[in-house]
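2 protein chains.
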Amino acid sequence: MERIEHRACFGGWQDVYRHRSETLGCDMTVGVYFPPQAADGPCPVLYWLSGLTCNEQNFITKAGAQRYAAEHGIIIVAPDTSPRGNDVADAEGYDLGKGAGFYVNATQDPWAKHYRMYDYIADELPAWVEADPSASDARAISGHSMGGHGALTIALKNPGRYRSVSAFSPIVAPSQVPWGEKAFGAYLGEDREAWKQHDAVELVKSAKEKLPLLVDQGDADEFLDGQLKPHLLQAACEAMGHPLELRMQSGYDHSYYFIASFIGDHIAHHAKALRAG
Amino acid sequence: MERIEHRACFGGWQDVYRHRSETLGCDMTVGVYFPPQAADGPCPVLYWLSGLTCNEQNFITKAGAQRYAAEHGIIIVAPDTSPRGNDVADAEGYDLGKGAGFYVNATQDPWAKHYRMYDYIADELPAWVEADPSASDARAISGHSMGGHGALTIALKNPGRYRSVSAFSPIVAPSQVPWGEKAFGAYLGEDREAWKQHDAVELVKSAKEKLPLLVDQGDADEFLDGQLKPHLLQAACEAMGHPLELRMQSGYDHSYYFIASFIGDHIAHHAKALRAG
Numbered sequence: 001m002e003r004i005e006h007r008a009c010f011g012g013w014q015d016v017y018r019h020r021s022e023t024l025g026c027d028m029t030v031g032v033y034f035p036p037q038a039a040d041g042p043c044p045v046l047y048w049l050s051g052l053t054c055n056e057q058n059f060i061t062k063a064g065a066q067r068y069a070a071e072h073g074i075i076i077v078a079p080d081t082s083p084r085g086n087d088v089a090d091a092e093g094y095d096l097g098k099g100a101g102f103y104v105n106a107t108q109d110p111w112a113k114h115y116r117m118y119d120y121i122a123d124e125l126p127a128w129v130e131a132d133p134s135a136s137d138a139r140a141i142s143g144h145s146m147g148g149h150g151a152l153t154i155a156l157k158n159p160g161r162y163r164s165v166s167a168f169s170p171i172v173a174p175s176q177v178p179w180g181e182k183a184f185g186a187y188l189g190e191d192r193e194a195w196k197q198h199d200a201v202e203l204v205k206s207a208k209e210k211l212p213l214l215v216d217q218g219d220a221d222e223f224l225d226g227q228l229k230p231h232l233l234q235a236a237c238e239a240m241g242h243p244l245e246l247r248m249q250s251g252y253d254h255s256y257y258f259i260a261s262f263i264g265d266h267i268a269h270h271a272k273a274l275r276a277g
Numbered sequence: 001m002e003r004i005e006h007r008a009c010f011g012g013w014q015d016v017y018r019h020r021s022e023t024l025g026c027d028m029t030v031g032v033y034f035p036p037q038a039a040d041g042p043c044p045v046l047y048w049l050s051g052l053t054c055n056e057q058n059f060i061t062k063a064g065a066q067r068y069a070a071e072h073g074i075i076i077v078a079p080d081t082s083p084r085g086n087d088v089a090d091a092e093g094y095d096l097g098k099g100a101g102f103y104v105n106a107t108q109d110p111w112a113k114h115y116r117m118y119d120y121i122a123d124e125l126p127a128w129v130e131a132d133p134s135a136s137d138a139r140a141i142s143g144h145s146m147g148g149h150g151a152l153t154i155a156l157k158n159p160g161r162y163r164s165v166s167a168f169s170p171i172v173a174p175s176q177v178p179w180g181e182k183a184f185g186a187y188l189g190e191d192r193e194a195w196k197q198h199d200a201v202e203l204v205k206s207a208k209e210k211l212p213l214l215v216d217q218g219d220a221d222e223f224l225d226g227q228l229k230p231h232l233l234q235a236a237c238e239a240m241g242h243p244l245e246l247r248m249q250s251g252y253d254h255s256y257y258f259i260a261s262f263i264g265d266h267i268a269h270h271a272k273a274l275r276a277g
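Order-wise, the sequence lines are chains A and B.
Counting from 1, position 170 in the first sequence corresponds to residue 170 in full-length UniProt numbering; the numbering is continuous, with no gaps.
Counting from 1, position 276 in the second sequence corresponds to residue 276 in full-length UniProt numbering; the numbering is continuous, with no gaps.
What the hints contain is simulated information worked out from the structure, not anything from laboratory work.
Bear in mind that the values here come from a model prediction, so they are computed numbers and not experimental data.
Here a beta-carbon is modelled for each residue, glycine too, at the ideal position from N, C-alpha and C.
Just to be clear, a hint being listed does not mean it is correct.
[Claimed, not checked] Computed spacing ranges between beta-carbons, pair by pair:
#1 Y94/B x D219/A: 35 to 43 Å
#2 D219/A x E238/B: 49 to 57 Å
#3 E92/A x T107/B: 45 to 53 Å
All chains should be built: construct the whole structure from the sequences, respecting the hints.
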C-alpha cells in the first residue's frame with residue numbers, strides 16, 4: 001500500500017492510496033478523507049461509489065463533502081469505478097469496460113478475470129479500510145448514477161452490513177434501460193434472471209431488511225427518462241412497503257453541482273444512523 | 001455573448017459565458033454564480049482571480065464557494081487567466097503566456113497585442129457584469145497564487161473601487177521571485193521601475209487607502225519559500241501601518257483543498273463589507 005496524495009482539508013486529511021486488490025487482480029487507487037476526529041479514535045465510514053467515466057478523483061475534488069464529513073466525524077472512502085491496467089479488458093465507449101464496472105462480478109469473457117467490483121466494494125475494500133485503527137466497522141454507502149445503482153444494490157443484498165444507504169440520480173432498474181442492458185449483457189450474459197440480483201427495483205421485492213432509501217434526483221437531469229426512471233423504484237417500494245424518500249429536485253441536472261448542493265443532507269442522514277449505533 | 005453552461009447549484013445557478021473582450025482582442029470564458037437572491041434584485045459581486053494554468057473551470061468546480069455565496073447572496077465572477085485563441089502569443093512552460101497573464105497590461109512584443117489582463121479585470125469585466133440588472137456595483141476581489149497577486153495589486157491600485165480584498169497563497173512580491181521576474185521581464189520589459197506598479201509589497205508603500213488585507217497561507221505550501229514570501233508583505237504592512245490579517249494555516253498546501261477549507265471565511269469577510277455599504 002502506498003499513499004500517493006496527502007492534503008490538509010477542513011482540519012483533516014484528504015488522502016489517496018494505491019493498493020493491490022486480490023479480488024480484481026490489479027492495483028487500485030482509493031480516496032480516503034480522514035476527518036479531524038479520526039486522530040482521536042475510530043470513526044464510522046461512508047463508502048461513496050462514483051458513476052460512469054469517473055475514477056477516485058471526481059468525488060474528492062468536486063463534491064465538497066469534506067466539510068460535512070469534518071463536521072460529523074465521518075471517514076469517506078471513494079474508490080475507482082473499475083479495475084485498471086494494461087492487461088484489463090476494455091471496450092469502445094464510456095459505458096462498458098474501464099470506468100464502467102457497474103459493481104457486479106462479471107461471469108463472461110473477457111470480463112470475468114478482473115471485473116469483480118461487487119466483491120471488491122462489498123468485501124475486500126471494507127476489510128482493507130477497517131484494518132486501519134481510525135476506521136470503525138459502522139458503514140454507510142452512497143453513490144451517483146452507476147454508483148447510486150451500486151450503493152442501492154449492495155446495501156439491499158447485504159442486510160445488516162450498512163446502517164444507511166442513499167443515492168444521487170441512481171440507475172434504479174438497469175435491467176430495463178440501455179446502460180444496464182449493455183453492461184449486464186456483457187458482464188453477466190444474456191440470462192436476464194442473473195441480472196435481477198443486481199437490479200434495485202428487483203431486489204426491493206425480496207429485501208429481508210427494510211433499510212430506508214434516500215434518493216435525490218434532479219428533474220432537469222438529461223438521463224432521467226432514458227436511463228434513471230426513479231418512478232420504477234418508487235412503484236416497487238410502494239408495492240412492498242419499503243421505506244423510500246425520493247426527493248425530486250427542481251432545476252438540477254446530472255452534474256457534480258447537483259451532488260455538491262445536497263451532499264450535506266446525505267452526510268447528515270448517514271451521520272444520524274452511524275452515530276446512533 | 002453566449003451562455004455555454006447553466007447548472008442549478010445551491011438554489012442558484014452556476015453559469016459559464018463566452019463574451020467578446022475588446023480589451024484583450026479575443027473571446028473569453030467567464031464563470032458566474034448567481035445566488036438565489038439574484039432573482040429578487042441586485043446582488044454585490046466578488047471577483048475571483050485564479051492562478052497559473054487555470055481557466056474559469058478550476059474555481060467553479062473545486063472551491064465549493066457556491067454554498068457560501070448562496071448563504072450571503074453574493075454573485076461570484078470567475079474569469080479566465082489570460083487571453084486565448086490561435087492568434088494569441090504563447091510560450092513554453094506553464095508560467096508565461098496562456099494561463100499566465102499575471103493581471104498586467106503587457107508593453108513588450110509579442111505580448112502587448114492581447115495580454116491586457118489588468119484592464120480586462122479592473123475595467124471591462126466589471127462593466128460587462130454590472131450591465132446585468134442582477135449585479136450591483138458593490139465589488140470585492142480575491143484570488144489564489146498569481147490570482148492573489150492580481151487581487152491585491154488591483155485593489156491597491158484602485159482606491160474606492162473595491163469594498164474588500166483577500167487572497168490565498170498570493171505572490172506578494174513578484175519583483176523578487178522567479179515567477180514574477182520571468183513574467184514581468186517578458187510582459188513589462190527589463191525596467192524594474194515599471195514592475196513596482198504591479199507588486200503588492202511596493203504598492204502598500206504608497207497606498208492611498210488603507211483597505212484591510214486578508215491573506216491565508218498554508219505552511220506546507222510547496223511554493224512558500226521560493227515564490228510566495230508572505231513575510232515581505234507583512235513587513236511592508238507593518239512599516240506603513242497598513243492593516244493586514246495574515247493567517248498561516250498549519251499543514252495546508254497550495255491546492256484547492258486549501259482554498260475549499262477557508263473560502264467560507266473569505267466570503268463571510270467580503271459579505272460583511274459588501275452588505276455594509
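Now for the hints, and whether the structure bears them out:
no. : hint                        : result
1   : Y94/B x D219/A: 35 to 43 Å  : holds (41 Å)
2   : D219/A x E238/B: 49 to 57 Å : holds (55 Å)
3   : E92/A x T107/B: 45 to 53 Å  : holds (51 Å)
Checked against the numbered hints given earlier, the structure satisfies every one of them.
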